[in-house]
Amino acid sequence: MDANDGTTPAASAASATGQHDVTPQAYGCLHGRRAAVTGGTAGLGLALVRELRSRGVHVAFVARRRPAVEHTVREVTGAHGIVGDVSKQEDVYPMALQILGALGGVDILINNASTLGPRQLELLADTECEDFERALATNVLGPFRLTKALLGSLAASAREGRGAVVLNVSSDAALTPYARWGAYGASKAALHHMTRIWAEELESQGIRFLSPDPGDMDTALHRTALPDADASMLKRPEVAARELADAIEMAIARSAEASQAVAEAVAP
Amino acid sequence: MIAATGPSRHVGAKLLVVRPGGRIEHWPRSALSALLRPGDLVVANDAATLPASLFGTHVPTGRAIEVRLAGRRTLDPDRVNDFSAVVFGAGDFRMRTEDRPKPPMLTAGDRVVLGPLSATVSRLLNHRRLIAIRFDGSPREIWEGLARHGKPIQYSHVQAPLALWDLWTVLAGPPVAFEAPSAGFALNWTALASLASRGVRVATLTHAAGLSSTGDPALDARLPLDEAYQIPLATSRAVRDTRRRRGRVVAVGTTVVRALEHAASLDGAVPAGEGLATQTIGAGTRLQVVDAIVSGAHESGTSHHELLRAFVDDATLTRVDHELESWRYRTHEFGDSILVERTVADEPRSLSVRQTATTEDANAIG
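Line order of the protein sequences matches chains Z and D. Heads up: the first sequence begins at 1 in the working numbering, then just goes up one per residue. Heads up: the second sequence begins at 269 in the working numbering, then just goes up one per residue.
From the derived model, a few chain D residues whose C-beta atoms are all more than 12 Å from chain Z:
hint : residue
1    : ALA551
2    : HIS590
3    : GLU591
One-sided and incomplete, this derived list gives chain D residues near chain Z with beta-carbon spacing under 8 Å:
hint : residue
4    : ARG408
5    : GLU412
6    : ARG416
7    : ALA431
8    : GLY441
9    : ALA471
10   : THR472
11   : LEU501
Hints are computed from structural coordinates only; laboratory data are not their basis. The C-beta atom is built at its ideal place from N, Cα and C for all residues, glycine as well.
Bound conformation, chain Z alone (with noise of 0.2 Å):
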């Protein structure tokens, strides 16, 4: 068996557009780190894209259309597309072996991608029942088949010393029951409770896992909610994309250093 593994002319275009060409920056320990991010085509999802590139992370992500996805792709060098939905179990294998494919395993996941459910803010007894399948679809099951199928990696990153690091987009709405947000409020505190059993259950493997509340921001999802609230009183989504890199980054350098620590305490 002796396959030709040369390269195609098609594959040195790939690596000549800069498939996984990442510009050396100053920022700390996330430089060379692997990343998927859900939802990447817009609002926070495009900014954490377009911050872990700046960081030099190679990024893989996710989002249903595919004329979005391309043209994240031409715009955001180096980042690796795929479509999918996350809310479809049929889908969820299939973006995980592209993700671990493309980037050859995966150090942090950042669950982005979210719905509302209904079109608008519904009083929960006026929620069909298909939009609150939805919500939790997307915002619940989605995740947990994500990181599930991910989970082999992370792991094999925490104990390789790099660092593993699962980010769940949480929202004020977890916590608080505003009314009218009901199938969302429901579905984040759903993914907010469960980020806390993995991490429970998942601290001695070195995995860490968070759920930040990124605020209110100006998205299509927040416009949708609500559509005459004041663009300028909300936050930036590139502003809240710094500021969660920032906790990853944290999250990781303390994922790697806790598995330096195992390694250390059985060596000689």
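Since chain Z is already given, all that's left is putting chain D on it; use the hints.
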């Protein structure tokens, strides 16, 4: 022995244990951690399984074919154009591989279309059904094509179509295996936690496990084909520490034995880095690293079974086969497990380990 016909793995799974010297015991598989000692190191294969079965058309004849990807010379995520592959004619996994119609005659340069993927037969590899194949397109297009169109390779003893999640072990990471490194199904997160609390360390390596069967005796005799592997620095160090402290290295699966022993073939140390396992392991092999193996219950005549002859003598293996039969162990990838502790006495290995420690670390960085 009876064939396990589906992926329900953990409830009631059994573990046959061969102690050094050949004594055979029967345990529930959940007792695995209790059977190992504090200071032992469990090494598992973290390769995720590719959907490596691709249906499509042989363009020159217009006939239906199935291409089963079987090997790759590297694990580099950006070098996914070139594979070796075994080609089948019409039909699918529901038919026994040996009963499948042959594919059309293939020639170097032939085009094949496999769903959204297209490729060229680079050449035949000394057999009409074993080819080198080169995919068109960028790595991104190839990964997407495999994800959308590929199906897991499976065999007729499992009649329901398998999904990828049936074939990824809990430790699955880089998608480079062509068939599941199925010994790893013995581990779940509960088992991993229980190993940790017992003081047994767990490490991984990545080994591109290849096909277990092709349905063609001449091809089957060539299995396993060459398999690429990658040993992380943390694993290289864990093996070194374990051997220094006289702990045992327990390989989960034949692929782990093959990778560790290939890596150690130079001087007995296990350096970090990528390699291509080309050797077969069997009765004549002197194992340098691995002290025990966790494996599936495989029938005699398979390469999995042959590898066990490096751990115990043939008389013991015959008794193992008999016990598996009479205790009704379930065979194949979703079946029960065995733990075989090596009987063959060996000379101390600590000297060569110490001598090579420095080059090991240097190799890892390079």
